[in-house]
Amino acid sequence: MHNHAPLACTACDLLQTAPVLPSGGVARCRRCGELLYRDALITWDFSFPLTIAGGILFIVGNVLPIVSLGWQGQYTDATLYGTVHALYEQHRPLVAVLVLFTLIIAPALELGTLTYLLLSVHLHRHAPDLARAFRLWRALREWVLLDVFLLGVLVASVKLKAIADVEIGAALWALAGGVALLTMAVASFDARAYWAKAGE
Amino acid sequence: MSARSVSLPPEQIHTAAAQGLFLCNVCTQLSRVRDATRACYCPRCGAPLARRKRYSLGRTWAFLISAYILYLPANLLPIMDTHSLFDAQQDTILSGVLFLWRTGSWTTAAIVFLASIVTPIAKLIAMTVLALSVQRKSKWRPAWRANLYRVLVRIGRWSMLDIYVVAILAALVHVQSFAVIEAGAGALAFGAVVVLTLLAVSSFDPRLIWDAQDESHG
Numbered sequence: 010m011h012n013h014a015p016l017a018c019t020a021c022d023l024l025q026t027a028p029v030l031p032s033g034g035v036a037r038c039r040r041c042g043e044l045l046y047r048d049a050l051i052t053w054d055f056s057f058p059l060t061i062a063g064g065i066l067f068i069v070g071n072v073l074p075i076v077s078l079g080w081q082g083q084y085t086d087a088t089l090y091g092t093v094h095a096l097y098e099q100h101r102p103l104v105a106v107l108v109l110f111t112l113i114i115a116p117a118l119e120l121g122t123l124t125y126l127l128l129s130v131h132l133h134r135h136a137p138d139l140a141r142a143f144r145l146w147r148a149l150r151e152w153v154l155l156d157v158f159l160l161g162v163l164v165a166s167v168k169l170k171a172i173a174d175v176e177i178g179a180a181l182w183a184l185a186g187g188v189a190l191l192t193m194a195v196a197s198f199d200a201r202a203y204w205a206k207a208g209e
Numbered sequence: 008m009s010a011r012s013v014s015l016p017p018e019q020i021h022t023a024a025a026q027g028l029f030l031c032n033v034c035t036q037l038s039r040v041r042d043a044t045r046a047c048y049c050p051r052c053g054a055p056l057a058r059r060k061r062y063s064l065g066r067t068w069a070f071l072i073s074a075y076i077l078y079l080p081a082n083l084l085p086i087m088d089t090h091s092l093f094d095a096q097q098d099t100i101l102s103g104v105l106f107l108w109r110t111g112s113w114t115t116a117a118i119v120f121l122a123s124i125v126t127p128i129a130k131l132i133a134m135t136v137l138a139l140s141v142q143r144k145s146k147w148r149p150a151w152r153a154n155l156y157r158v159l160v161r162i163g164r165w166s167m168l169d170i171y172v173v174a175i176l177a178a179l180v181h182v183q184s185f186a187v188i189e190a191g192a193g194a195l196a197f198g199a200v201v202v203l204t205l206l207a208v209s210s211f212d213p214r215l216i217w218d219a220q221d222e223s224h225g
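If you're matching them up, the sequences are chains A and B in order.
Numbering-wise (this note's numbering), the first sequence opens with residue 10 and increments by one.
Numbering-wise (this note's numbering), the second sequence opens with residue 8 and increments by one.
These are calculated hints, taken from the structure and not from any lab test.
If you're wondering where the values come from, they're calculated on a predicted model, not measured in any experiment.
Careful, some of the hints might be misleading.
As the list claims (entries may be wrong) - Here are the simulated distance ranges between beta carbons: (1) B:D94 - A:L128: 55 to 61 Å; (2) A:I114 - B:L101: 29 to 35 Å; (3) A:D48 - B:F185: 53 to 59 Å; (4) B:P80 - A:Q83: 34 to 40 Å; (5) A:L163 - B:S102: 16 to 22 Å; (6) B:L79 - A:L50: 44 to 50 Å; (7) B:A192 - A:D156: 35 to 41 Å; (8) B:G27 - A:W53: 31 to 37 Å; (9) B:T114 - A:L30: 36 to 42 Å; (10) A:V69 - B:T44: 48 to 54 Å; (11) B:I132 - A:D48: 34 to 40 Å; (12) B:A117 - A:G79: 25 to 31 Å.
Unchecked claim - Quick look at which bits of chain A chain B covers, simulated, 3 or more residues with Cβ under 8 Å: (13) 101-111; (14) 176-190; (15) 193-206.
Beta carbons are placed, not taken as given, at the ideal position from N, Cα and C, and that holds for glycine.
Okay, chain A solo, but in the shape it has when bound (with noise of 0.2 Å):
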């Protein structure tokens, strides 16, 4: 899969010509320690899977609750979109955006790009605007923050246990399964191999 094409190390500039990799192997930069690519250890048949199954789990986590409250036989829940407009409503208007996009669009986009990448050529078919595509999902993931926010769900939670009751929901646990197998899914996602392929 790797041939010997030179590359260039993306923090130095640096070129060199790329080793065949063990199973599992990675490739640092000869000068900065850089990584250059890896061998997954998933191969890249299972990027598909991966992403649908993660795209399910994300949808299941939006839906139901995150954290619920009890307080005196009284009790609230909190979804995701929940989160939003709770915001919203304390007129923070800038700060529910911000959750907006980086826990449900800047993920719901990454998901729908990079499905759409592997579909084309899972179904062998050049689709339009492949390259669009990869440049909308390189450009958004660094703004996918779920991991982050999951910690935030648990950082909460021990806020409140000082005085209420407090359960974690079942879309916690969905998230934390959707993140898990999304970064999965990119790890196997070898650029360099879905450009030859999808240019066949």
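Fit chain B to the known structure of chain A by using the hints.
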């Protein structure tokens, strides 16, 4: 495996840019560019190509200075207002950490302290050092600075933690009759600081660290 680097003899250092090859920042494709004065695009993914990220240092400074300006309101204004039947309380980032510490949740206090206080200030200082060193074409320990930049890319996202904590608390504790938690003005400033430092880090081009010494080797 930790990132490591070796000192290469100058004759082994050939950068893509020196060979007239431009690296695509999006898909890592190398392309030969004949006329760099005209706008050019990656033949594989269509992203704009440039020798280095465009206006990298200027954009980094702009985001960084904006983040410095908002850093004080982010830490001094309350990020969370709690109203109950009995009293009202306002929490800043730091008092939120102290609350966790006093109630005995030491691990959580440490996590929030690292994410909300150490990470933002470390990002501001480290990005300033990196931007200054590149501006002055410093040749001081490029491998160390490259590692510093890698760490910043890794940890940057985690400073958004407190924004999400406030968002969840606000969503959970607002229909209850006994108390209402609302996001304060500090949440807006703090969110802006986090976004601005993330933008400062992604605008910075780490290849600039190496350019100073590559150019002196000829």
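Against the structure, the hints:
no.: 1; hint: B:D94 - A:L128: 55 to 61 Å; in the structure: 56 Å, holds
no.: 2; hint: A:I114 - B:L101: 29 to 35 Å; in the structure: 31 Å, holds
no.: 3; hint: A:D48 - B:F185: 53 to 59 Å; in the structure: 56 Å, holds
no.: 4; hint: B:P80 - A:Q83: 34 to 40 Å; in the structure: 35 Å, holds
no.: 5; hint: A:L163 - B:S102: 16 to 22 Å; in the structure: 20 Å, holds
no.: 6; hint: B:L79 - A:L50: 44 to 50 Å; in the structure: 46 Å, holds
no.: 7; hint: B:A192 - A:D156: 35 to 41 Å; in the structure: 27 Å, violated
no.: 8; hint: B:G27 - A:W53: 31 to 37 Å; in the structure: 32 Å, holds
no.: 9; hint: B:T114 - A:L30: 36 to 42 Å; in the structure: 38 Å, holds
no.: 10; hint: A:V69 - B:T44: 48 to 54 Å; in the structure: 52 Å, holds
no.: 11; hint: B:I132 - A:D48: 34 to 40 Å; in the structure: 37 Å, holds
no.: 12; hint: B:A117 - A:G79: 25 to 31 Å; in the structure: 28 Å, holds
no.: 13; hint: 101-111; in the structure: holds (count 6)
no.: 14; hint: 176-190; in the structure: violated (count 0)
no.: 15; hint: 193-206; in the structure: holds (count 3)
When held up to the earlier numbered hints, the structure conflicts with 7, 14 and fits the remainder.
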